[in-house]
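Enquirer: Work the whole structure out from these sequences, hints included.
Numbering-wise (the UniProt record's numbering), the sequence shown opens with residue 1 and increments by one.
Just so you know, the hints here were simulated from the structure itself, not pulled from any lab data. Backbone N, C-alpha and C define an ideal beta-carbon position, used for all residues, glycine too. Some clues are possibly wrong.
Cβ pair distances, simulated, as ranges [as the list claims (entries may be wrong)]: (1) ARG10 x THR599: 47 to 57 angstroms; (2) GLU83 x GLY675: 50 to 60 angstroms; (3) LEU57 x GLU640: 46 to 56 angstroms.
Computed cross-link-like contacts, SDA-like style, restricted to lysine to any residue with a CA-CA straight-line distance of at most 20 angstroms [said to hold, decoys possible]: (4) LYS398 x SER428; (5) LYS406 x LEU389; (6) LYS406 x GLN423; (7) LYS406 x ALA299; (8) LYS398 x GLU301; (9) LYS398 x ARG300; (10) LYS398 x VAL385; (11) LYS406 x ALA431; (12) LYS336 x GLY449; (13) LYS398 x ALA431; (14) LYS336 x GLU301; (15) LYS398 x GLU412; (16) LYS336 x PRO541; (17) LYS398 x ARG409; (18) LYS336 x ASP512; (19) LYS398 x VAL297; (20) LYS406 x GLN421; (21) LYS398 x THR291; (22) LYS398 x LEU447; (23) LYS398 x ARG290; (24) LYS398 x HIS408; (25) LYS398 x ALA411; (26) LYS398 x VAL450; (27) LYS398 x GLY274; (28) LYS336 x ARG347; (29) LYS406 x ASP430.
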Amino acid sequence: MAGRHEELAREQAVVTRLYDRLDTLRAVARERLADVRRVGPSGSPQNRSERDAFATLYADRAAQLDAVEDRLAFGRLDLDDGEVRYVGRIGLADEEHRTLLTDWRAPAAQAFYRATAVHPDGIRRRRHVVTAGRTVTGYEDEVLDLDAVSDGLDVSSLSGEGALLASLATRRTGRMADIVATIQGEQDRIVRDDLGGALVVQGGPGTGKTAVALHRAAYLLYAHRRVLERSGVLLVGPSRAFLRYIDQVLPSLGETGVVSTTVSELLPGLRAEGVDEGPVAEIKGRLLWRTAIRRAVRARERIPERDVPVRVDGVDLEVRRRDVRDAIARARRTHKPHNEARATFVREMLARLVDQYRARTDSELSDHDVAVLNEDLRADRDVRVAINLAWFPLTPEKLVADLWAKPHRLAEAAPELTARQRQLLRRSPDAPWTESDVPLLDEAAELLGVDDSLARAESRAAEAQRAAELEYARSVLESTGAGGGLVDAETLAARFAESGPVLTTAERAAADRSWTYGHVVVDEAQELSPMAWHAIVRRVPSRSLTIVGDVAQTSSAAGATSWPAALDAVLRDGWRLSELTVSYRTPAAVADSAQRVATAAGLPVSPLTAARDLPDALHVERVDDPVVAAAARAADLAREHVSRDGSGRVAVIAAQQSVPALGERVAAALTDALGPAEASRLAAQRPEDAQVVVTSPREAKGLEYDAVVLVEPADVAAGPGRWGDLYVAMTRPTQQLVVVHARRLPDGLVDEG
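Expert: This is the structure we're talking about:
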């Protein structure tokens, strides 16, 4: 025992030194950032640009160093040549540039995840260092070179998968934890796979797909920094709740520059909060909308039925059909989006009206006369109406809203649809946008481009803002005498404009719909419709993606039934498949039951091996009233699995229509069992902080809980495409699944063999 205490003390000395170095580097980064900020917005444009670049650099470095406080070092490798190498969240070096800590993503750390007794890769011993805060609380060793045992290694602490099993037994919190200290071999190979092409990671519940995707993003940012830091990485998740759940993982791995979003938030400034029912979502997800949206745009470029008379400056002119036809053809030949090509159309039409004016008045017009006449024509109401009717400037929202609200617009754009299907899509023009609308809006935005009239309005607004800043600068100089005659109002106003915040790559990317990324990560990818895939692939011209999901868990009517069906249309043969086969989260009894149910329902289930078994992990109970029983079981599980320190999560999962009534009943049961104060604490207002939740399978997708009460599985699985929902609901717990039911259980849930 004395030897173990001495070893703990030696490890503590190393960890203390690493944290001391981390504190020093934090202080340096903050001091340099403060120095840069003290300089202020002065100097030449080049100096200001350099200052802003350094400010961003030091701010990012400070954020990175702050984010790696927890478990800074977690591993140690003892090499055959006697070298000792520590592995941690980031790389650290001393003042002499000697390595103190190796970044987990570096090639030198790869053996920590892949070395085995059969292939030790030059490693004698691998040690998992366990810390709480900055204190070393334990360690676990794996001897990979058995000859080393005779060389005096302490074998009393050896345990091959102890660190992994300990992490699995840890109570859940409202945030996902990284797995950087416990990445397994099959996971590490995916994390370090090549940047090029699309990598599809298929895996059943609990195999660590999300964790692998996030660690892969962090690895790629490390290994391909020069490529990705300029273009950024986009992470697409299934819901905002899911993104809140995972939002601490990448910062804890030393990366803060990833843009996280959902499909419903792909368009800056637009939030799609409505929900489409299954058939409507499926119809809107079809790739036919690529053609239909183009038809809808072309329908707004139209030749009038007859010549339109207009009168300008007392001269009778005509907006002629043949002129409109020729101007439309000329504008389309520019191959610009609709709103941008409109400028060509308008110029052509004005030029033809000027020619008419010249012929009707039999006069020679100077360049100045033509410019004045052009402005008169633009200002004339009848001319403006005639030109707009022929080529109307549009927003994506207006174009798509008209398809749903005006039957004739939808019929001319999508004749492939049946009358019944078009009726399903009918809705009010002021109805909220839905997630399945967003890819169509994105397609419309791509085809429409920027509204030139809006751009002119923004330009006028910018000029007005500039004039106001200039006037303010003059008043400052006049009232204070500042500048001493060396600074004029123009210079002072320019400094006002340049003193705003410097945006990071991620911030600029998130605000720009047309931004293209160096890599895209898509989680729960089986839920995406073909149109959603088209919108996402548009954002990564290199086709470099990490796609993770499980086609057996598909719940969207527009989602994937197989990866080829989902991806061949947008990626052709530019994707490859890797599979995760070990479920680390789900206890064996629960995983086996879920697999039987999914197989009986005909879902495309992946082979799955549970990493652990737990006693009483699955409990099935037939009851008279599932709602009452579920509330009581939730209170019991809360006592068992939830701690006052904020750890521990219990979920009651039921069909969507049952959630409101269940929520009220569970709240009452918690109050009766634990008291009002404790019940209120457990059901915190923020979803990520609540320790007991009542939710639907779709809202629980991608999340995990210590214990789950599954209410009436037959209701969860009722309806087309809902078997995936049941599969999801059954595989959320890490410790225990309690099933309460009054109706007949789905086939396979109970092992009757």
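Enquirer: For each hint, tell me whether it holds in the structure or not.
Expert: Results for each hint:
no.	hint	result
1	ARG10 x THR599: 47 to 57 angstroms	52 angstroms, holds
2	GLU83 x GLY675: 50 to 60 angstroms	57 angstroms, holds
3	LEU57 x GLU640: 46 to 56 angstroms	49 angstroms, holds
4	LYS398 x SER428	12 angstroms, holds
5	LYS406 x LEU389	17 angstroms, holds
6	LYS406 x GLN423	11 angstroms, holds
7	LYS406 x ALA299	13 angstroms, holds
8	LYS398 x GLU301	15 angstroms, holds
9	LYS398 x ARG300	12 angstroms, holds
10	LYS398 x VAL385	18 angstroms, holds
11	LYS406 x ALA431	13 angstroms, holds
12	LYS336 x GLY449	8 angstroms, holds
13	LYS398 x ALA431	12 angstroms, holds
14	LYS336 x GLU301	13 angstroms, holds
15	LYS398 x GLU412	16 angstroms, holds
16	LYS336 x PRO541	19 angstroms, holds
17	LYS398 x ARG409	12 angstroms, holds
18	LYS336 x ASP512	19 angstroms, holds
19	LYS398 x VAL297	11 angstroms, holds
20	LYS406 x GLN421	14 angstroms, holds
21	LYS398 x THR291	18 angstroms, holds
22	LYS398 x LEU447	13 angstroms, holds
23	LYS398 x ARG290	17 angstroms, holds
24	LYS398 x HIS408	15 angstroms, holds
25	LYS398 x ALA411	17 angstroms, holds
26	LYS398 x VAL450	13 angstroms, holds
27	LYS398 x GLY274	17 angstroms, holds
28	LYS336 x ARG347	15 angstroms, holds
29	LYS406 x ASP430	13 angstroms, holds
Consistency note: the structure conflicts with none of the earlier hints.
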